[in-house]
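Enquirer: Please build the complete structure, drawing on both the sequences and the hints.
Chain order of the listed sequences is W and P.
Note that the working numbering gives residue 43 to position 43 of the first sequence, counting from 1, and the numbers run on in steps of one.
Note that the working numbering gives residue 1083 to position 83 of the second sequence, counting from 1, and the numbers run on in steps of one.
It cannot be assumed that every hint is accurate.
If you want a taste of the chain W side facing chain P, the calculated C-beta under 10 Å gives, among others [to be verified]:
hint : residue
1    : Pro147
2    : Ser237
3    : Val257
If you want the footprint, here are the derived chain P segments under chain W, 3+ residues with CB under 8 Å [as the list claims (entries may be wrong)]:
hint : region
4    : 1012-1018
5    : 1292-1303
Please keep in mind that the hints were generated in silico from the structure rather than gathered at the bench.
Yeah, the Cβ is synthetic: ideal placement off N, Cα and C, and Gly gets one too.
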Amino acid sequence: MADPPVPVGAAAWRTTRSALSRTRPGRLLPSSVRGNRLMLAALVLLLAVVLLAALAPVLPIQDPFDADPTQRSASIGTPGYLLGTDNQGRDILSRLLWGGRISLLVGLVPTALATLCGLLLGTLAGYLGGLADQIIMRVLDVFFAFPLVLLAIAIAGILSPGVPTEILAITIVLVPYISRLARTATAQVAGLPYVEAARASGAGAGAILVRYVLLNAVPPVLVYATTLAGLMIVVGSGLSFLGLGVQPPAADWGAMVGDGAVVLRKAAHVTILPGLMIVVTALAFNIIGDGLRDVLDPRT
Amino acid sequence: MLNYLVKRLVGLVPVLFGVSFLVFLTVQLAPGDVTTLLLGPLASEEAKSTLRQALGLDQPIVVQYVKWLNALLHGDFGTSIATSRKVLDLVLPRIGNTLILGGVSLVVTVVTGCAIGLAASANRGSLFDRLSVLTVLVLGNIPPFWLGLVLSLVFALQFRWFPISGMSSLNNGGGFRDVAWHLVLPAVTTAAAPAAVVTRMTRAAVLEVLGQDYIQVARAKGVPERRILLKHALRNALPPITTIIGLQLGYLLGGTLFSEVVFAWPGLGQLLYTSIVARDLPVIQAAVLAIALSFVLINLAADLANQMLDPRSRHG
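Expert: Below you can see the structure in the form of structure tokens.
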């Protein structure tokens, strides 16, 4: 008897998993040593940012809302204020760590939510084809008619401002992009012989969809989502900068940039430091996304 | 070509209906009652219900939508709640300003992206190449609003080379040179991230073409390197580059909003922002519609340009 059909999707996923689970970090990025080090550095840096933000409540830092009116816009290195204070005399280091919790949340949660929705919609459209595909894709076309950032701003601007609104707005604008990618990945395998063979061997539609089709769409979507997470930290901070996201006195990095703008000439560090955090964190996600792509798809 | 254009235009019709319906829905989604917004929080229930009837808000959503769309198509975008002016009068002058900023930013994006990408690929592995790769990585992730603030700190507040805000100076009332002067920082701010992506793609695409056999043949025949680079390599690397430029248009338009807010450039983005702050729903709707419509048309133009540059995409 012939061998059972090789499930490309499941196989690809298994390679992914084994590639990711190799303990030696040197093996993670096979392409070049230089790229390897870069991705490793990005991973370490991101981990540090996440840890520091997560540990903000227990770290021996100032209260992020404690304003010292005698120390407004203090410069970097002022005793008691390692990174200085903002225009209300609040400790910037503490606000950066507390703000990082919101910035990371606003970048990661919508990306994760949109990835789930996008995978569902995209694989359904790609696998079912026909009318369902048409309806799903035509509706998504409407969303593609808006520039991503502007749609997020419009949605967040119309609802009442706040972190949940910000998360909802970013999730909505991301779903079409991830759906389209998942659909392409699905459509590529839906017609392949091994799916046909699985169907002939009596596998149910749900089993085929999950085991053979969905798993095939996961690796490229995962790479895309990682890169998007970085971009969404930038977009989310933009919403907060405009005052549509997190509300004072709480602030994420974007809102901190906005707060600092009023003392830009006098105390530039109030604006520059939170912006640097956005750039560095988004950059780390991007480098990790690139590295993941090399691991998952060695052909490119 | 004409067939393609007609096909695309027909395809746009349902999209535009969808866009208008989505924008229409935003008012229904807005928290709070529109009548409260119009009459103020102290208005009586009676006054509110009279107004609701007058505005047709008691009718089914589809009927409201058709009426709203009909008014739009007759040029009636309603009245601004905050300023009591006709919405169209607020939006129309802004469109040109945004197109100036967006257009110049696009030129900056394309020219610097292609030039740096080409120079980097021609000198692969050189210090310039490595520096450009690094710069691209950083610029590609830079928040436009922050870059705008940093640029204005350095070039407007410290060196005073460029004005910090506005579109023209009040005392000499505009003119080409004055507007160009005010345009430099916002355009650079808007173009930075898209230019980084274009640089990256240009470098990769040209490097790929340079590895092809026919380039070796051209070199063996003694074709000058300059000619190989511009004539053989860049020309054949163009399709992926123009595609990525097309994909950057949305990000570029989004970036103009932040530049407009930071540099007080009187465009659609700034109007959208101020009307969001004022919760001026009719103006928000019109601004979003205008931006979406421009975006759809710009994308169409980009696709047409792609078709002309890459004969292969015309068939199949």
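Enquirer: Against this structure, judge whether each hint is valid.
Expert: Hints and how they fare:
The interface hint given for proline 147 of chain W holds, since its Cβ lies 4 Å from the closest Cβ of chain P, which is under the 10 Å cut-off. Taken as an interface hint, serine 237 of chain W checks out: its beta carbon lies about 6 Å from the nearest beta carbon of chain P, inside 10 Å. For valine 257 of chain W, the suggested interface contact is upheld, since its CB lies about 5 Å from the closest CB of chain P, less than 10 Å. Beta-carbon proximity to chain W at under 8 Å applies to 4 residues in the region 1012-1018 of chain P; the threshold of 3 is reached and the given coverage holds.
With a cut-off of 8 Å between beta carbons, the region 1292-1303 of chain P has 3 residues touching chain W; three or more are needed, and the interface restraint holds.
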